[in-house]
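Asker: In order, the protein sequence lines correspond to chains A and B.
The numbering of the first sequence is the numbering used here, which starts it at 16 and goes up by one.
The numbering of the second sequence is the numbering used here, which starts it at 16 and goes up by one.
Please note that the accuracy of each hint is not assured.
For chains that are exact copies, the list does not tell them apart, and a pair is met inside one copy or across any two.
[Said to hold, decoys possible] Keeping only pairs whose Cα atoms sit at most 27 Å apart, straight-line, the calculated DSS-like set for lysine-lysine is: (1) Lys144 - Lys41; (2) Lys201 - Lys114; (3) Lys144 - Lys48; (4) Lys45 - Lys144.
Hints were generated in silico from the structure; no laboratory data involved.
For clarity, every value in this text was computed on a predicted model and none was experimentally measured.
Protein chains: 2
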Amino acid sequence: MNKLKNIQITNPIYNVDYLNGNIKGKSIIKSIKRLKDLAGIFEDNNAFLKLKQEEIIYSVQAILPVDEGVEGGLFYGKTILEPGKVGNEYFMTKGHFHKKADRAEFYWGILGEGVLLLMDEERNCWAEKMFPGSLHYINAFIAHRTINTGDVQLSFGACWPSDAGHNYQEIIDNGFSARLIEVNGKPEFVSSQK
Amino acid sequence: MNKLKNIQITNPIYNVDYLNGNIKGKSIIKSIKRLKDLAGIFEDNNAFLKLKQEEIIYSVQAILPVDEGVEGGLFYGKTILEPGKVGNEYFMTKGHFHKKADRAEFYWGILGEGVLLLMDEERNCWAEKMFPGSLHYINAFIAHRTINTGDVQLSFGACWPSDAGHNYQEIIDNGFSARLIEVNGKPEFVSSQK
Chain A
16 MNKLKNIQIT
26 NPIYNVDYLN
36 GNIKGKSIIK
46 SIKRLKDLAG
56 IFEDNNAFLK
66 LKQEEIIYSV
76 QAILPVDEGV
86 EGGLFYGKTI
96 LEPGKVGNEY
106 FMTKGHFHKK
116 ADRAEFYWGI
126 LGEGVLLLMD
136 EERNCWAEKM
146 FPGSLHYINA
156 FIAHRTINTG
166 DVQLSFGACW
176 PSDAGHNYQE
186 IIDNGFSARL
196 IEVNGKPEFV
206 SSQK
Chain B
16 MNKLKNIQIT
26 NPIYNVDYLN
36 GNIKGKSIIK
46 SIKRLKDLAG
56 IFEDNNAFLK
66 LKQEEIIYSV
76 QAILPVDEGV
86 EGGLFYGKTI
96 LEPGKVGNEY
106 FMTKGHFHKK
116 ADRAEFYWGI
126 LGEGVLLLMD
136 EERNCWAEKM
146 FPGSLHYINA
156 FIAHRTINTG
166 DVQLSFGACW
176 PSDAGHNYQE
186 IIDNGFSARL
196 IEVNGKPEFV
206 SSQK
């Protein structure tokens, strides 16, 4: 057996902090969504316009080790969704189907509490609680949106195929068929007008 | 807005314990590898045969929400690799390429300390440290094996495409080109005879 001088045990390229989900390393992109970027997704437009349009509603960190669209690769991300409401409707992400609609995704709750809203292509909705340790499989052909129902940031992780892509337009045009609003201090689903 | 009585916020189907990586929920399979299942992968066969063949070396929990082989789905798993050595070679997993060799995978360290050994199709090896919070992207066409270099269990998580599959045979036949052995209490790579 010959000692191999050329193989070093290097530090990993990425690190994740399990207490808050923060990821560090190479090729990490960050994207921020401010209230103004979410025009049209909340029901109460008057309430929407009264809020600070520059307010950050959510921010995403993502590891993209290969180019978007490459088949067989994976992306890994973390989203922080702020607490708050537009009128009585909780802050939420835009939500999307995948562009390659048969691609699945895992989400996992890290901090805070919220709801994962899911919708199939026939517009049937259902929802799962999110909390530290919740783990969610988002099947193929299912639109997904996260909603912060708590008083603190909702932080969650995600892993998805690098060729999944995002189809935001379907949700921009038609929304989800259900909205989550606060009624007497508790989240309750109502049908969506959009 | 009509209240939707038919949408309940249900508990998530899966849960993960961030302190030890344990996963709970539906469709979770468990597989155990005992020493006898790892015949031929360690260099020192005399030392191998002197150990208890029924000893558990590693166990895997995996969430398989769709059938193996389905394109577009994802699997999520957790492995616990016991501490120990066969002669001076650390306990390790069998290691594999993916059957669909262009499929990638994420690993993340949860507990303990170890090494992720990586090898390309030209048999070039390199390695990354594993520890709680280490996050590893295993690119397409890269064989991967984990090695426990510590005194406690090495626990790590994984997410991979449901159509990746496993090609164990290449490693059974030819091994990795490097082995990690303990020299003066420290891990050191040596070239493999196999």
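Asker: Each hint should be assessed against the structure and marked as holding or not.
Answerer: Right, here's what the structure says about each hint:
1. Lys144 - Lys41: between (32 Å within a copy, 16 Å between copies)
2. Lys201 - Lys114: Neither: 34 Å inside a copy, 48 Å across copies.
3. Lys144 - Lys48: So Lys144 and Lys48 pass the 27 Å test inside one copy only (23 Å; across, 35 Å).
4. Lys45 - Lys144: both (26 Å within a copy, 26 Å between copies)
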